[in-house]
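K.L.:
Single-letter residue listing:
Number of protein chains: 2
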Amino acid sequence: MVDKQIKHVLKKRDRLLASAKTLGISVLVDEKNIPFADVGYAPFIRAEGCFYIYSSHLSSHIRALINGSEARFFLIEDEGKSTNIWARVRLKFSADVLELARDDKRFSSICSQIGQVHGPVMEMIRNFEDFHLFEIHPRHGTLVTGFAQAFSVNGPAFELTKHLRKS
Amino acid sequence: MVDKQIKHVLKKRDRLLASAKTLGISVLVDEKNIPFADVGYAPFIRAEGCFYIYSSHLSSHIRALINGSEARFFLIEDEGKSTNIWARVRLKFSADVLELARDDKRFSSICSQIGQVHGPVMEMIRNFEDFHLFEIHPRHGTLVTGFAQAFSVNGPAFELTKHLRKS
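Residue numbers (this note's numbering), protein chains in the order written: chain A, 4 to 170; chain B, 4 to 170.
Next up, chain A with everything else stripped away, as it sits in the complex:
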């Protein structure tokens, strides 16, 4: 692809990263020995290349995260913002996941930052013991910005590494 096309792709990637409010989480859940793919969403903040979410273990995808299940993460453009509903701009990635305990010295500061971005609900749920704080370090993934516009991406900045035929 020529530089101009690459710039257009990078612009879409950066717009998605700047505008998305919730992080999608897909995990393997195994209930009654029937494994299935489960999905959840959580408001996030992003700082120094990491994503932070604060969610309740009353949701099965959070229980799976706590149990160390293989997880993938994704961001997707709102339907209302999509110029082509057949190819919503989206970013999927694998990551290393770390739970930050309530007595972690960063716990309070990160919760406050989440509250600043996502509003006063945070103050209500901050002390709920069923909620857990996770730090998510992106490894690699796939960015799709349109038909035949799939790219592999790498690292916390989601740098484009390869134009893909399949995704």
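Taking lysine-lysine and the BS3-like style, the derived pairs with C-alpha atoms no more than 25 Å apart in a straight line are:
#1 169/B x 24/A
#2 165/B x 10/B
#3 15/B x 84/A
#4 35/B x 169/A
#5 84/B x 14/A
#6 84/B x 24/A
#7 165/A x 35/B
#8 15/A x 24/B
#9 169/A x 24/B
#10 84/B x 15/A
#11 14/B x 84/A
#12 24/A x 10/A
#13 35/A x 169/B
#14 169/B x 14/B
#15 165/A x 15/A
#16 24/B x 24/A
#17 84/A x 84/B
#18 84/A x 24/B
#19 24/B x 84/B
#20 165/B x 35/A
#21 15/B x 24/A
#22 84/B x 15/B
#23 14/A x 24/A
#24 169/A x 7/A
Rather than coming from a laboratory, the hints here were simulated on the basis of the structure.
If you're wondering where the values come from, they're calculated on a predicted model, not measured in any experiment.
Got chain A; can you put chain B on it based on the hints?
P.N.:
Here is chain B on its own, set in the frame of chain A:
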């Protein structure tokens, strides 16, 4: 719950079903013997309780559907429409999935209906052989309309059957 609350929940369910444009698909993918949960989205139409999508096998979740992988489906309110970003209205469900072959007598008519709802892109991709038409019959699932507002739902009309403590 009292009737008034139930009505509010049903209203949110119906609004989601009426406004969502794309159906989320979560499947188990097994690449290099590492199973993971993959996610995709497809524009849909809904008719007589079934969902219909038309998507390319260049996406891994569609290859998994074709291969009969266990799949779950979901609808979720756009971030921009959510009154509470911590609890986006969402509906997840299991389903029976049937692929309709290109020579199926209903193939042409359903593609036309999808085109009427989702625009002229359909005419462009209609004859692409990598695209497949699926009929999705909802079985049962979970509706979440807010904090502590999770319900099990049943059948093609997503009738509320139970208020849940976990989801």
